[in-house]
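Could you slot chain B onto chain A? The hints should help.
Protein chains: 2
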Amino acid sequence: MKPGSTVAIVGVGLIGGSAGMAVRERLPKVRVIGIGRNRNRLNKALKLGAVDQITTSWEQGVADADLVIVCTPVGQIVNHVRKLAEFCKPGAVITDAGSTKQTIVRGLSKGLPSGISFVGSHPMAGSDKSGVQFADASLYEDRTVVVTPIAATSDSARKIVKRFWKRIGAKVIELKPAEHDRAVAMISHLPHVVSSVLSSGVNDDQLKLASTGWKDTTRIAAADPDLWLQIFAENKNDVLRCIDSYMKKLDKFRQALETDNQRIMLRYLETGKQNRDALGS
Amino acid sequence: MKPGSTVAIVGVGLIGGSAGMAVRERLPKVRVIGIGRNRNRLNKALKLGAVDQITTSWEQGVADADLVIVCTPVGQIVNHVRKLAEFCKPGAVITDAGSTKQTIVRGLSKGLPSGISFVGSHPMAGSDKSGVQFADASLYEDRTVVVTPIAATSDSARKIVKRFWKRIGAKVIELKPAEHDRAVAMISHLPHVVSSVLSSGVNDDQLKLASTGWKDTTRIAAADPDLWLQIFAENKNDVLRCIDSYMKKLDKFRQALETDNQRIMLRYLETGKQNRDALGS
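Protein sequences appear in the order of chains A and B. Mind the numbering: the first sequence is residues 44 to 324 in my numbering, read in order. Mind the numbering: the second sequence is residues 44 to 324 in my numbering, read in order.
The reader is advised that the hints may include incorrect statements.
No copy is singled out in the list; a pair is fine if it fits within one copy or between any two copies.
[Stated by the list, open to error] Cut-off 25 Å, straight-line C-alpha distance, at most; resulting in silico cross-link-like pairs (SDA-like, lysine to any residue):
(1) Lys45 - Gly212
(2) Lys295 - Arg284
(3) Lys214 - Ala195
(4) Lys172 - Arg306
(5) Lys202 - Ala180
(6) Lys214 - Asp247
Everything labelled a hint here was simulated from the structure, so no lab data went into it. This one's a predicted model, so the numbers in the text were calculated from it and none came from an experiment.
For reference, chain A alone in the conformation it holds in the complex (with noise of 0.2 Å):
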């Protein structure tokens, strides 16, 4: 991002609020363009400084953009990057930060305009809030973002989008999009299954006796249903393995109790100790 470049930021939430602020803040002299279809929204986001300058035209917002990073649902960014493109500079580069990749690197693989690139992106940071008004300068600082680049992808183009992120204080990490999609299935959308289903089975009985340990443990269940219908829907294979080996292991520890095995229920409790532990707090 050189001085006196562009980024377009189409869907200025959380996420894309969160990156307009931290480009505002560490490359002040990159203009920021917030595109959406909510006026309100964007007015807020201009208040709240996550971008320079606001507009409801995706034609106007990205004509002068180097970099156009959408932020809309992921069951969307297909169709969002193939519309955006045809508006775009000769030598722009368009990222997302969509939580599944397969399907949209696949769709977004060919039929571009020429001299338009695509490079898929996950920054792996979030909340279980959205809205420009949880955005945050600092949610990018030392989290990772997985970038996605195929073997058509051109290397300027995936060197733009590392530094990118990487400017705004993020570890890097390319993977390809079927290895992303299996990690996070695991990392992301398993908890998610795990968490929601945990917490749709209570009663309000029992909701008063909960304590930190149930408020942690289904903390991402407030998360927008809609949109984690979008990404179960993009990662269906790749989830629904993860919740059958979710589904041996729970039936394994619950064998192990039903037994009186505590070597076996005790192997789990480590295990799981050991990788929570080397994350820290």
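Below, chain B without anything else, positioned relative to chain A:
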């Protein structure tokens, strides 16, 4: 707790130490005696201001106590209360902080020396951390403590225990031991199984992508495995029932995902969100 009275805390870790700190802050005229096996840990508790006096002698420690709070691991509470009761003065009341109640309350429903009462307690507060270094005078503020008297429990002992928890900031509710165990199996023990098994299933490459979602959902997996083995053993049947019901729900969600039944998936996600939202952040 009248001015000049004495509380003895057996096991001065996170739970016992926080109770001691809260008494010293809120009831400065009550003396707090910390009892334990390990002199180093007792000295740490004294230095941190969790207790007024320390001793490794159970006999000396409880000799003057009006209230004894047994904060030792759940599998040992029955034996510890029996042993401590022999050294208590007539009129002394003993309570505990164990995570299960039926086994403990049944085990202590008779055979205590006359004039010594036991009333079960379970403060719904805690942490994945253990040790007095994490103790906090405000741990019980606005937290729920379940007190589990039975028909044989003397009314005055029940009132003394309830008043004690209220005086250190907690909300107190009464449940029958069996009701308590059923409720906490769902709201505390099942989440621990779910979280530990989830955490046990990831590999290092996946862990690199872990964000706040995984961290929240698995936080309690960092707790002490041996302590939790005891809790599961003491509440085995209720925990088994909860795992079964959870696995049924998880399987229904899985079927819905496989058959693209968004209506069913949405029902789980929305109920989960409602329950979680009801508790706040």
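* **Status of aspartate 247 relative to lysine 214 across identical chains (alpha carbons, at most 25 Å)** => between (42 Å within a copy, 16 Å between copies)
* **Intra- versus inter-subunit Cα pairing at 25 Å for lysine 202 with alanine 180** => For lysine 202 and alanine 180, only the intra-copy Cα distance (22 Å) is at most 25 Å; the inter-copy one is 52 Å.
* Are the CA atoms of lysine 214 and alanine 195 at most 25 Å apart within a copy, between copies, both, or neither? -> Classified as within; 24 Å inside a copy, 62 Å across copies.
* Is it within, between, both or neither when you check lysine 172 against arginine 306 at 25 Å Cα-Cα? -> between (40 Å within a copy, 23 Å between copies)
* Asked: 25 Å Cα cut-off: does lysine 45 pair with glycine 212 within a copy, between copies, both or neither?
  -> within (17 Å within a copy, 57 Å between copies)
* Please work out whether the CA atoms of lysine 295 and arginine 284 approach to 25 Å or closer within one copy, between two copies, in both situations, or in neither? => The answer is both: 17 Å in one copy and 15 Å across copies each meet 25 Å.
In terms of the numbered hints stated before, the structure departs from none.
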